[in-house]
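Please put together the full structure from these sequences, using the hints given.
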Amino acid sequence: MKKTLLPPLIPFVLLTLIAEFLVRQGFVRPYLVPAPSAVLRAMIDSRVELVHALLSTSAGSLAGFAMSALTGIAIAVLLSTSRGVQRAFYPYAIFFQTVPLIAIAPLLVIWFGFGIQTVIASAFVASVFPVIANTLSGILSTDPPLRDLFRLYGASPLVTLFKLRLPAAMPQVFTGLRVSAGLAVIGAIVGEFIAGGGLSSVVDIARTQQRIDKVFAAVLLASLLGLGLFGLINLLSYLTLRRWHASEQTQ
Amino acid sequence: MFDNQHVVIAGMNLQIDSGEFLAVLGPSGSGKSTLLRMIARLAEPDSGTIRTEPNGDRFQTAYVFQDAHLLPWRNVLDNAALPLELMGKSRIERNEKARRALEQVGLLAALDRYPAQLSGGMRMRVSLARALVTEPRLLLLDEPFAALDEITRFHLDVQLRELWQRRGMTVIFVTHSVSEAAFLANRAVVMGRSGGAIKLDRILELPSIRNNELRSDPRLGQEMRLLLGAIEE
Numbered sequence: 001m002k003k004t005l006l007p008p009l010i011p012f013v014l015l016t017l018i019a020e021f022l023v024r025q026g027f028v029r030p031y032l033v034p035a036p037s038a039v040l041r042a043m044i045d046s047r048v049e050l051v052h053a054l055l056s057t058s059a060g061s062l063a064g065f066a067m068s069a070l071t072g073i074a075i076a077v078l079l080s081t082s083r084g085v086q087r088a089f090y091p092y093a094i095f096f097q098t099v100p101l102i103a104i105a106p107l108l109v110i111w112f113g114f115g116i117q118t119v120i121a122s123a124f125v126a127s128v129f130p131v132i133a134n135t136l137s138g139i140l141s142t143d144p145p146l147r148d149l150f151r152l153y154g155a156s157p158l159v160t161l162f163k164l165r166l167p168a169a170m171p172q173v174f175t176g177l178r179v180s181a182g183l184a185v186i187g188a189i190v191g192e193f194i195a196g197g198g199l200s201s202v203v204d205i206a207r208t209q210q211r212i213d214k215v216f217a218a219v220l221l222a223s224l225l226g227l228g229l230f231g232l233i234n235l236l237s238y239l240t241l242r243r244w245h246a247s248e249q250t251q
Numbered sequence: 252m253f254d255n256q257h258v259v260i261a262g263m264n265l266q267i268d269s270g271e272f273l274a275v276l277g278p279s280g281s282g283k284s285t286l287l288r289m290i291a292r293l294a295e296p297d298s299g300t301i302r303t304e305p306n307g308d309r310f311q312t313a314y315v316f317q318d319a320h321l322l323p324w325r326n327v328l329d330n331a332a333l334p335l336e337l338m339g340k341s342r343i344e345r346n347e348k349a350r351r352a353l354e355q356v357g358l359l360a361a362l363d364r365y366p367a368q369l370s371g372g373m374r375m376r377v378s379l380a381r382a383l384v385t386e387p388r389l390l391l392l393d394e395p396f397a398a399l400d401e402i403t404r405f406h407l408d409v410q411l412r413e414l415w416q417r418r419g420m421t422v423i424f425v426t427h428s429v430s431e432a433a434f435l436a437n438r439a440v441v442m443g444r445s446g447g448a449i450k451l452d453r454i455l456e457l458p459s460i461r462n463n464e465l466r467s468d469p470r471l472g473q474e475m476r477l478l479l480g481a482i483e484e
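Line by line, the protein sequences give chains A and B.
Just so we're aligned: 189 in my numbering is position 189 of the first sequence, and the numbers increase by one with no gaps anywhere.
Residues are numbered in my numbering as their position in the second sequence, beginning at 1, plus a constant of 251.
One should not assume that every hint holds.
To be verified - Here are some chain B residues the structure puts well away from chain A; computed CB gaps all over 12 Å: (1) PRO296; (2) THR303; (3) GLN317; (4) PRO323; (5) SER378; (6) LEU414.
Claimed, not checked - One-sided excerpt, in silico: chain A residues whose CB lies under 10 Å from chain B: (7) ARG87; (8) PRO145; (9) LEU146; (10) LEU149; (11) GLY154; (12) THR160; (13) TYR238; (14) THR240; (15) ARG243.
No lab work stands behind these hints: they were computed from the structure.
We put the CB at the ideal spot given by N, CA and C, even for glycine.
Set out below in structure tokens:
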């Protein structure tokens, strides 16, 4: 634990100290980049507001992410059933990857109204594709001899899916989920900018009040949220794969 | 049998009797694996037939691949029990039979371990136990020990031969190792480079008990010379 936490902390502390020094010495204007100490003070002063906003953004991100995980895996399973289905529908799955989220966010508001539903929908649209793509590639790359083995003993396609293809795809599923976790937070923040609420509203209001310190505090919390979600997936991945997959073996 | 527009096996006529230990030798691309897959009904011939008599159900066939190919998320016991699980047997029956199969390959002490925690030889033995768990009448092996070190391979050769003698099943063993074929089999078939042609079909004149002493026996050397001669022909 010590070894995994310490290395990333060193650049953090260093950068913080340098920023503090540059602002205090007047090299950087404090209304462009606030001193880290000012950000910390803003966090403490507005803690109730920030915690509420963080909880709201977390709820939207998590709900959107959960939807991505479930529907993404389901879509991948459906796509894997035949090459024809894949050819017909995969291009539409790529839509989620290429659609400019910020451009369809107003549409989402029209469909889902001002509120958490739009935030969830936005988080979902932003984060579903990596789950689909990685799960599908995992399911399709099942070891051919193992498929032969299941056929030899008369396993049905459904049994093969649940006892072989999906479990074998788990490492790739988790790769998808890791990418998707960060995207879900981004999607939620974008959704909030249009639909209102959460950390985005804090950023938006603080910006109009020239409270750059508070903007930074909210942005920092949003990043920490993404990091937390990423860590959660890593933990789940470790617990699921530790016994069998090389990527989770302790050296 | 066509594979990318290339005739892999044509005009082959081979009869294998029940209870035989047959080694199929041949260079890469001679269609050894294709033959095995067709016997297991994992591939269909484009023309010609494969007949098995008596016409039992296909679960009496077991297949061992070049690598162990275990399910890494299952422990040794559950890996060995997999065929019975796929055939819909009860948990009690599968565990008992898997235990027995693992006992035969000397792995009773490793039931709870996962494939990642096993050596290559142990993994191959789990794979062998998985094949034996259904008490197959026909055991097909596709270069099963090729990836193992020689000492482990010698050990598994002896073990496989003993299992065959105890079980009285038919074994078809595909290999490109002349020494392994001669050491293990009662009958050896050498396939030619262009598919389907059988260059040699021979009953080996060796004692029925095969142990490591036989490895330096001149009779084994004689058989190896014959097989090698047919391959190089």
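- Which earlier hints turn out false for this structure, listed by number in ascending order? 3, 4, 5, 7, 13
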